[in-house]
Amino acid sequence: MSLGLYIHVPFCGRKCRYCDFYSLPYRKSSAEEYAAAVLRNIRHYSDKNVILDTVYFGGGTPSLLPAEYIEQFMKEIRCNFDLAENAEITLEANPNTLTDERLEKLRISGINRLSIGVQSMDDNELEILGRTHNAKTAEKAVYAAQKAGFDNISCDLMAALPNQTAEKLAYSIDAMTALPIQHISAYILKIEKGTVFDCDEIRRNIPDDDAAAELYMTMVKKLREKGFFQYEVSNFAKKGYESRHNSRYWKCQDYIGIGPSAHSCYKGKRFAVSADLQGFIDFPVQMTEITDESPCGFEEYAMLRLRLREGYNINDFPEYKDNLLKKIPNLLKAGYIAFDGENISLTESGFLLSNSVIEYLVF
Amino acid sequence: MANDKIRNFCIVAHIDHGKSTLADRILEKTETVAVRDMEEQLLDNMDIERERGITIKARAVRMKYTAKDGEDYIFNLIDTPGHVDFNYEVSRSLAACEGAILVVDASQGIEAQTLANTYLAIEHDLEVVPIVNKIDLPSADPERVCTEVENVIGIPAMDAPRISAKMGTNIEEVLERIVTDIPAPQGDTEKPLKALIFDSYYDSYKGVIIYVRVKEGRVKVGDNIRLMATGAVFTVVEAGFMDATSLVNNGSLEAGEVGYISASIKSIGDTQVGDTVTNNDNPCDEALPGYRKVNPMVFSGIYPADGAKYGDLREALEKLQLNDASLSFEPETSIALGFGFRCGFLGLLHMEIIQERLEREYNLDLITTAPSVIYKVTMTSGEVVYIDNPTNYPDPALIQTAEEPMVKANILSPSDYVGNIMELCQDRRGVFKDMKYLDDTRVELHYELPLNEIVYDFFDVLKSRTKGYASFDYEMMGYVPSKLVKLDILLNGDIVDALSFIIHTDKAYGRARKIAEKLKENIPRQLFEVPIQAAIGGKIIARETVKAMRKDVLAKCYGGDITRKKKLLEKQKEGKKRMRQLGTVEVPQEAFMSVLKLDT
Chain V
9 MSLGLYIHVP FCGRKCRYCD FYSLPYRKSS AEEYAAAVLR NIRHYSDKNV
59 ILDTVYFGGG TPSLLPAEYI EQFMKEIRCN FDLAENAEIT LEANPNTLTD
109 ERLEKLRISG INRLSIGVQS MDDNELEILG RTHNAKTAEK AVYAAQKAGF
159 DNISCDLMAA LPNQTAEKLA YSIDAMTALP IQHISAYILK IEKGTVFDCD
209 EIRRNIPDDD AAAELYMTMV KKLREKGFFQ YEVSNFAKKG YESRHNSRYW
259 KCQDYIGIGP SAHSCYKGKR FAVSADLQGF IDFPVQMTEI TDESPCGFEE
309 YAMLRLRLRE GYNINDFPEY KDNLLKKIPN LLKAGYIAFD GENISLTESG
359 FLLSNSVIEY LVF
Chain D
35 MANDKIRNFC IVAHIDHGKS TLADRILEKT ETVAVRDMEE QLLDNMDIER
85 ERGITIKARA VRMKYTAKDG EDYIFNLIDT PGHVDFNYEV SRSLAACEGA
135 ILVVDASQGI EAQTLANTYL AIEHDLEVVP IVNKIDLPSA DPERVCTEVE
185 NVIGIPAMDA PRISAKMGTN IEEVLERIVT DIPAPQGDTE KPLKALIFDS
235 YYDSYKGVII YVRVKEGRVK VGDNIRLMAT GAVFTVVEAG FMDATSLVNN
285 GSLEAGEVGY ISASIKSIGD TQVGDTVTNN DNPCDEALPG YRKVNPMVFS
335 GIYPADGAKY GDLREALEKL QLNDASLSFE PETSIALGFG FRCGFLGLLH
385 MEIIQERLER EYNLDLITTA PSVIYKVTMT SGEVVYIDNP TNYPDPALIQ
435 TAEEPMVKAN ILSPSDYVGN IMELCQDRRG VFKDMKYLDD TRVELHYELP
485 LNEIVYDFFD VLKSRTKGYA SFDYEMMGYV PSKLVKLDIL LNGDIVDALS
535 FIIHTDKAYG RARKIAEKLK ENIPRQLFEV PIQAAIGGKI IARETVKAMR
585 KDVLAKCYGG DITRKKKLLE KQKEGKKRMR QLGTVEVPQE AFMSVLKLDT
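As they're listed, the protein sequences go chains V and D.
Going by the numbering used here, the letters in the first sequence line up with residues 9 to 371, in that order.
Going by the numbering used here, the letters in the second sequence line up with residues 35 to 634, in that order.
Hints are not guaranteed to be accurate.
[To be verified] Residues from chain D that face chain V, not an exhaustive set, calculated with beta carbons under 7 Å:
id, residue
1, Thr181
2, Gly594
3, Asp595
[Said to hold, decoys possible] Distance windows between CB atoms, simulated:
id, chain 1, residue 1, chain 2, residue 2, range
4, D, Asp429, V, Gly349, 44 to 50 Å
5, D, Gly609, V, Asp218, 15 to 21 Å
6, D, Thr618, V, Pro74, 53 to 59 Å
7, V, Asp28, D, Lys554, 32 to 38 Å
It is worth saying that the hints were derived from the structure and are not from the lab.
The beta-carbon is built from N, C-alpha and C at its ideal position, and this holds for glycine as well.
For reference, chain D alone in the conformation it holds in the complex (with noise of 0.2 Å):
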């Protein structure tokens, strides 16, 4: 197949505006799956995918299209997730695309996803291809937002396809966009082998499956390739392409071509998403652009409720690790709750997202500890040490500087919510930028925060303060000083490692106050009295007071049977196995969640 017959590209839209049920019309068009193997959502095949909408792991497949100049093409969508967690991976599918089709929603118009990844393409020098969808929609104003597309994003949006992707309306009009104004890939096959690896998983019988895009060069079976920035080698066993379901062993890719390689790699870490695939014996001179190590960037400590469950939790973490380099984590001990790990994220949803799969697929019950990022902390001594666990937030007296984290953030409303919106932001220390009209009712505005102050819950402030039209996104921007203070919580005089935090000095009164009220609430009365009190070093801030319990049920030992109060004691001991013990402090698990789910 000659290069100029194949078209890659990737589908850009917002979480909801139909990008996955494009996917699906696009399948069905160009029949590379049956219709009775059809089902909705078919490249999401994770069921946490499917119920959230959204798309965590890149993912490709193969079609033929048959078009109406008479030739066939070979189209490979590259399935990209739309979140900024997983930005990274966004980029490096947009790199083995030469198109985008920009999936705008005809009620809605363009939003803050939509905005970062359609520029993150037009960076990557992809041709971008609007698409107005969900024409079926009563609101729907398609003249509306194609002119929005032109003014905000810039490209020539008037003559895009009005489709409905639930309805199969026009679908055929984006086939034939996608072999018109989409390039056809370039590369040399003579020149020596280098491809772009773009997505990998773990198959427990094959090894780790490599996604790539060869840009020059071919692979076959039997040859020995090079992962350029681990170094690993390894002989190729399968070289081939993805159709809907399955792997196509074809026996060799070609510049040009999007397919996969497997090669009996055993460690998912050796195959890094960005890094380069070449021929060991013939290797190219320089590798392709743009590889850089993934860092998590939220780190939250994970405990099995129960104790004994701390081995499943180890090897759940570990299956999950198989097909998702970006997981880290390492054990760690907390007195007030036992073994776990200390993990880290690309940012809040892939730790949502962790955790829920922990949950879900592992069956795990889990107490999960306040998110905190990154600090940069300069010691007297001139060292430098980046803090990831408040526990180990070093004495202030031995701290030069602390810094912290910030991110640009990008939030698209209707202007109705601007109060709102700047009212928040402002809560959360942060500094306004600009703001600008998109049209007459939407706004962008641009603000730099603290990522501290949006690990918690500033999307689900967000939403609620714009009864769910705002859309956000972010991006990192480096460390800045800052006057932070580490807050511990003490139960009954003593301090709970698992619940301290580090946070600005501005906000630590009326975090410590909450909290404290939140764990009076969630703490119940018991046979001692529980002070509770929130503390900076050694000064407290915050003070409540579980008061003691002052009647137990009491059964009698009526003619001499003295079951009745036998069971009554054993359904205390009953209850207290929901409980940690910290001291003679019982605290439910319920009590360590509270506190992550402050309102604001």
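Bound conformation, chain V alone (with noise of 0.2 Å):
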């Protein structure tokens, strides 16, 4: 059996304006007692049995981390899992913090993958992101993580952002395309509640859903032009790159998630835990809450499976097959989807009304 190790950072050097995801300002003192707390709880999981395939530190911003503390988590997991040889082993970085040295430890603890968060490579779209890098930084922390030996990176970008044109997105995916990267994850913005971005001045300036509908499909196609292939709604890769741990979430298969809002999907339940650090840090094992007891049925196996290019077998859940016969036809009139005779896929306008698709396909 194989599983996938997610670990929660909750570190932000500065909370992005758009960001609703759990994070805190870097102290030092709770940096501490947060990794010993990690610590404790990959060995509460420990089993030797269990090969482990991915590791994944994602965040908040994990490589504010004192690249010690990553090291001593990497040697902790060696100790409680099987961790196979060619595991992917994906830390999430912010282009400010990857110095020369930093790269060097990380690449010679394990980190294999690294996922930077750039965003944009428009030095005005990343301020009123409210990035702390520009894209001169960005440029810099890619080559330099090349010349540390990583040779399978990717690189966030960010589509419908305000004010945004065809030609913007456009040189920020030639700027970007042109760096030694093999993968980018590609979001569609999407305001949050409670985050600065939520309010109307944004709102107003963000393109609407054709316009960011037409964003989409350019980028899509521009990536694919450099070789950039799209496996996933929001995920491109060269030949090969695919990331191995992200899948896991949509293919249903299992992964344990430490640190305070990671999200487990192991031994038959999902559960989380809460977003709270001093929680995560005061209790010995971390708390979670059981949010399915069953989870990978057919909704949630076929809403999972439809993000990925591959799609959905119409043979894995065979009592629903006969009800998707009939719902495919109008689909794919409409261009939503590819139907080889097995596997129903999104297409790229398909993969733009995903919800919408899956809705009608699955419920």
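Each chain sits in its own coordinate frame; assemble them with the hints.
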């Protein structure tokens, strides 16, 4: 049996204006206590019979942590799980934090994939987003990572930003794909409640749905031209560089999440840790709440599978096959799906409407 | 009490001219109602009546008045609905009186409704006592209004009491006029019982209470009475009169009196307004004249927004019908709207009131279809059918002639708006009959209009084109042949039965275009493109398209947290519940309603 391990690092140098993920300002003392708690929890889930296939340090900004902590985490992971030889071990990083020294240490500790929060190659856009880096810093960070030996690098890219034109987006894509990277996670900006972006001024200036759809289509096309193939709604990779960890989520495979606000799907249950750093530090073992007693039923499985380009196989749940077959013609005619006789997969325009298409198909 | 001390009267007025306020003042002055029990519009005890300032049901109240001649008099005030929809009820209430107080607003003068009801009163041989109200208003011009009454109606009015019901000014003069000007009732108490039913309502304890005016003879507790139109026989349990707030069981009623009878009557259908009550053991020779069954003129489908509320809707309609024999309904099904009822109404106001009461008093969320009139269709086979539901309109190939109901419309307005009114009436296929000046600034216009042109929004448009000054009244005048077609609306190629309607050929294109546009505005973009078409027979005459949407809100599945994605899907499902699913098309309830309110 194989497993993925997610470790949530809830610290950021500065909160980005659009972000509603759980993160707090970095403080040395709480980072120490946090690190200790992570180690305790790695030991708690210890199982040498489990092949650990992927490890993912997400956040927050994991690269803010002293590299020594990551080294300790990796050491503890190796002691408590059967870490696969070719395991994918990803760390999310902010361009500002990627010094040569830190990159070197991370590489040595076992990290073999970096996901860098570049978001845009336009300085003006980066400022609007509240990022602490500019395009030049991002470029330097990627080259430094390459120099340190990283050959599996992903960058984040955001589309449909305030006042974003097709030209601006194309510029970011050109600049980003010119870097030595193998993977791009590209998201359409979504205004989250309670964030700085949740205001009229931003809402007025973001592209409307039609314009955002145009931007998305431009983006998909352009990325394909540059050799980045869409394998999921928001993820693009050169051949063979698809993220194995994230794919676990979409394929209903097991993963354990450690850290405040981390989610798990493990041993037939989905459960989550509350978004509370102090609680995570205080308890000997992280407190979890079950969010789903019997996950990966048809609806959920299909919903997640359809995020992937490879799609959903109508024979995966035979009892729903007939119902799906009835709905396929309308979706085919509208160009939202492709169907090869077995697999239903969303097209680019279908990905844009994935909620509606999935709802129509599955519910 | 001798007959010559009784005065039976009603009050005739245009809406807002102060009828209910005057009634309140009369009740106070005669001490019929204690000051502490007094509330405004006491006789209008339905919420809707108070809010709209109208009277829907007739009502009667008995008062005592000591006149200046030192004698005690009994006043029976019979409150009548003012609106044309309830014309027949008005006429029956008038038939129960000897006189009518005509209230005219001192600044606005005579309006369409005033005129219609005054003519009705004169037709019934009532003594009309004009009164000029609202003299406290700065714009009041009692002299001009009195002249208008004399000129237009042709009754002496120069000495009409000038009052302010609101301020309580000169109310006593009104009371004295009632004594001096309105004749006492006639009628022989020794003759067999002959009493007119002018209203009835359902009381959950006593059964149906009927309001009567005894014309001849007497009725007492224990008598067997027969309702002559229906033939139903009952034993009188109570007979008496109404004070302002309750029934007073007096044991009997005599010729000349107005009062109530309760006789354990279960169904209001047995007690039709206009029917004659007689003694079953000693019946009168013939019924009072003028009885007719009232027939609904306007029909509309009423559906619960939530299909599960069908039973509740039926129950609510049944309850309303207990007190409103003119409301008719029968079950119907619509492909688009599911199970509902085809309801018949006396007119538009009646329809609006029923819908409002269903929503308000029974807490129902409704979808109503466009109102339809009754079309008379002669088939090629010679058979004549009456169509009140567009869905049932026959195949044009099988129709020999189609006829539609017409009304005589009477519009009163300041002369400045004649152009606007004529334009509106012509646009609604009206036939101009005549126009006359009531005075220098006010005109009366007569048109013949198809009923189906006024059932949608005629009154609203008339009001908006005359800055609210025009008043309007109509009466039915029978059927005329017409070039009618059935217009269907198709969504994604399928006919939506609830949106079909019958219309004159000349108007079909314009309306089809407007409906298509309106639907386009009201149907949200969805997964698939939605073609909207309007068609006559198989021929498409208007077309719009709701483009497919391009983009959903896309949630990340970051860090394996799939709850965000699930929440979005849940939200989407929730939103769908408010929609009607027609094939692959989701239609919000507002879309059905929007086509009823086309601006013209």
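Contradicted hints - numbers only:
Hint 1 alone not satisfied by this model.
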